[in-house]
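So the chains spell out like this:
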Amino acid sequence: MEIVLVGLNHRTAPVEVRERVSFTTEQAKRAAEELRARGILEETLVLSTCNRSEVYGVPPESSHECAPGLSTFLSEFHSVRPDILSVSLYHHYDREAVRHLFRVAAGLDSMLLGEAEILGQVREAYRFAHEHGATGPVLNRLFQGALEVGKRVRTETELGTRPMSVASAGVKLAERIFGKLSERKALVLGAGTISEQVVSHLRDRGIAQLQVMNRSWDRADVLAKEFGGKVIGWGEWDTALQSPDVVVSSVSAEEPVLRRDIVERAMAARGNRALFLMDLGVPRNIDPGVGELYNVYVYNTDDLSEIVQQNRNARESEIPLAQGIVDEHVAKFLSWQASVELVGLVDALRIKMREERASFIRARMEPMKHLTETDRAHVEKLMDEMLEKLLLGPAERLRGEKELRRKIQNVEALRDLFLSNREKP
Amino acid sequence: MNHLFPILTALAYLVSFGLYIRFLGTGNKLTGRLGTLLLGLGLIVHYFALLERSRGLHTVPYHDLYGSMSLFGWLLALTYLGLELYHRQRSVGAFVLPFILVFFLAAHLAPADRLSPPAAHGVVFAFHVTLSILAYAAFALSFVLSLIFLGEERLLRSHKLGEVVWRLPPLELLDQMSRSSVLVGLISIAIGTTLGFVSVDRLPGQNSFYDPKYVITLLVLALYALYFRLAGTTAWRGARASRLCIFNFVIVVLSFTVVNLYLSHSHRYF
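Going line by line, the protein sequences match chains A and B.
Heads up: the first sequence at position 94 corresponds to 94 in this note's numbering, and the numbers run straight through without jumps.
Heads up: the second sequence at position 132 corresponds to 132 in this note's numbering, and the numbers run straight through without jumps.
Misleading hints may appear alongside valid ones.
To be verified - Distance ranges between label pairs, derived from CB positions:
# : chain 1 : residue 1 : chain 2 : residue 2 : range
1 : A       : 350       : B       : 163       : 54 to 60 Å
2 : A       : 24        : B       : 154       : 50 to 56 Å
3 : B       : 108       : A       : 324       : 38 to 44 Å
4 : B       : 162       : A       : 111       : 26 to 32 Å
5 : B       : 240       : A       : 204       : 30 to 36 Å
6 : A       : 324       : B       : 154       : 33 to 39 Å
To be verified - For lysine-lysine, the following DSBU-like pairs were computed, each having C-alpha atoms within a straight-line distance of at most 35 Å:
#  : chain 1 : residue 1 : chain 2 : residue 2
7  : A       : 151       : A       : 172
8  : A       : 332       : A       : 29
9  : B       : 29        : A       : 151
10 : A       : 151       : A       : 332
11 : B       : 160       : B       : 29
12 : B       : 29        : A       : 185
13 : A       : 172       : B       : 29
14 : A       : 180       : B       : 160
15 : A       : 352       : A       : 332
16 : A       : 332       : B       : 29
17 : A       : 172       : B       : 160
18 : B       : 29        : A       : 180
19 : B       : 160       : A       : 151
20 : B       : 160       : A       : 185
Stated by the list, open to error - A short list of chain B residues far from chain A (calculated; beta carbon distances all over 12 Å):
#  : residue
21 : 25
22 : 156
23 : 246
No lab work stands behind these hints: they were computed from the structure.
C-beta atoms are modelled at their ideal positions from N, C-alpha and C, and glycine is treated no differently.
With the hints as extra help, turn the sequences into a complete structure.
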């Protein structure tokens with residue numbers, strides 16, 4: 001019932017290696033089937049995201065013994081030379097494997113600390129493996145635990161709540177003013193990469209309407225079509241600024257594009273309805289005086305970068321809390337694992353003692369011809385009762401006492417002590 | 001008099017306040033829900049505290065300053081809880097609970113009643129007083145919401161967000177909550193004032209319509225109606241409307257204190 005993990009991630013492998021070792025869902029299914037068919041693993045789960053490829057499994061024998069076989073399998077499966085792969089792969093066993101997965105689910109092992117997507121990816125990988133019968137009792141319990149850890153970390157800590165990029169910080173700030181953006185309109189000035197990033201965030205937050213204004217109509221049209229928006233002619237400020245709640249500006253210009261008088265006129269026309277302006281241009285696209293206007297909120301790149309830095313610090317300060325949740329669940333899982341293993345050991349002992357009892361009674365009672373069948377049955381029953389009494393107490397205690405299970409660190413040693421290889425469960 | 005209900009009420013409000021503060025600090029949803037639950041429990045126990053006292057004294061809760069303040073605290077809690085559930089927004093709880101607690105606890109410090117009992121009584125009069133206090137509670141709530149609005153707006157404009165801005169409700173939601181609260185107050189005060197005039201009209205031989213309280217109540221009604229209009233659609237929306245709301249509440253406090261105690265001859269603690 002040991003657990004093995006072999007994998008690589010953004011810390012151990014460059015993107016060139018990661019992309020070669022990633023799994024499509026079809027490949028993940030095939031890999032899991034092959035690993036079980038070859039007898040390398042009894043339970044298997046493949047977790048593959050853009051930043052990591054990991055194979056979790058329960059080997060039939062010792063986890064340490066199966067790890068090299070797993071590495072070789074990965075090398076063959078993806079046709080990557082073993083020497084390239086070996087420097088990037090990490091191997092974790094039992095406690096460390098459990099801890100690693102729980103940290104992954106918590107977002108503590110992500111490139112962007114506390115990112116939310118990983119929990120969905122873990123959930124999806126588990127659902128897929130479970131549906132295809134690749135998991136068993138151990139991995140089921142392990143991944144259910146991981147999902148619980150991820151959920152708890154997200155509800156009980158602030159690890160994933162704060163925006164970590166300038167674009168997302170700007171969008172989150174807009175939500176501080178307007179609430180949900182699903183009934184709001186946005187105007188994007190410029191059609192470059194930065195504009196695209198912000199538009200992507202706005203769309204994720206459900207922005208109701210998007211308008212794009214750019215000096216080049218064609219580029220504006222491409223961006224508008226990609227995100228389901230419409231294009232407005234460059235410089236038509238009175239029309240353009242009348243309806244949007246959020247304006248994002250990222251154009252190359254020596255002078256501010258949005259002058260104070262333009263915004264002042266627009267605010268009068270819109271009855272002072274609040275306007276959030278995100279100035280991502282360098283040099284700035286929005287006249288600093290615009291920020292003094294009533295109900296106008298202006299944030300430039302520096303303001304947003306500062307917020308991102310504050311958020312990064314805030315997220316990092318949450319690490320101990322999240323780690324505490326991970327450790328709590330690791331202990332819980334290991335306790336469950338030990339209880340299952342120990343109860344299995346007691347059951348094996350019981351079977352062995354019954355066998356011993358049968359041969360013992362046969363040998364010792366053979367000379368006792370004076371005993372009737374009833375006497376013999378009585379003696380056998382007494383011995384059965386004694387054996388049950390001897391094993392029942394410890395079995396009950398193992399089921400009920402976590403502390404006792406924690407003390408019995410090495411179940412394997414107990415097995416070796418009492419059982420031969422043939423008798424091991 | 002049995003002190004069990006008042007003690008339990010104070011305890012429930014106090015724990016609820018602590019939980020709301022913790023919710024504001026950590027964002028833990030469970031803590032927020034517990035805060036709401038404790039506030040709900042506090043409301044129930046507070047109701048029984050008011051009921052028990054009224055039964056003991058054989059009078060209505062607003063008969064003296066103690067009961068009037070306690071009833072105000074209860075209605076404030078009730079209005080806030082309704083607003084919280086309607087707008088699904090708990091972050092404001094940490095700011096409203098101190099007011100509820102202060103009114104509930106300060107009621108115990110109120111001096112003994114020395115004023116003569118009101119001339120009017122009966123169901124219409126009871127509704128007049130209760131609805132008037134409900135209106136004051138709703139206006140108090142809009143006052144708190146406007147203060148939060150102005151604080152948050154200032155932080156957003158100065159780009160000094162800190163920790164708390166991420167937890168406070170969005171500005172537009174605060175504005176909506178404030179308007180909802182004022183709407184409750186406007187309806188209550190309009191009906192309450194009408195019922196007040198009906199009560200006066202029914203009094204034998206006393207048909208005075210020249211109490212300064214009437215003037216200030218109509219002024220309060222007009223000012224809040226103006227706020228409601230300006231905050232919704234015109235160039236005053238936002239911080240200016242919030243400032244007007246705060247100013248209006250100053251008039252309410254004047255009406256509740258100076259006018260009641262020193263100028264009005266037929267109003268006492270409501």
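Of the numbered hints stated earlier in the document, which are not met by this structure? Of the numbered hints given earlier, those the structure breaks are 21, 22, listed in rising order.
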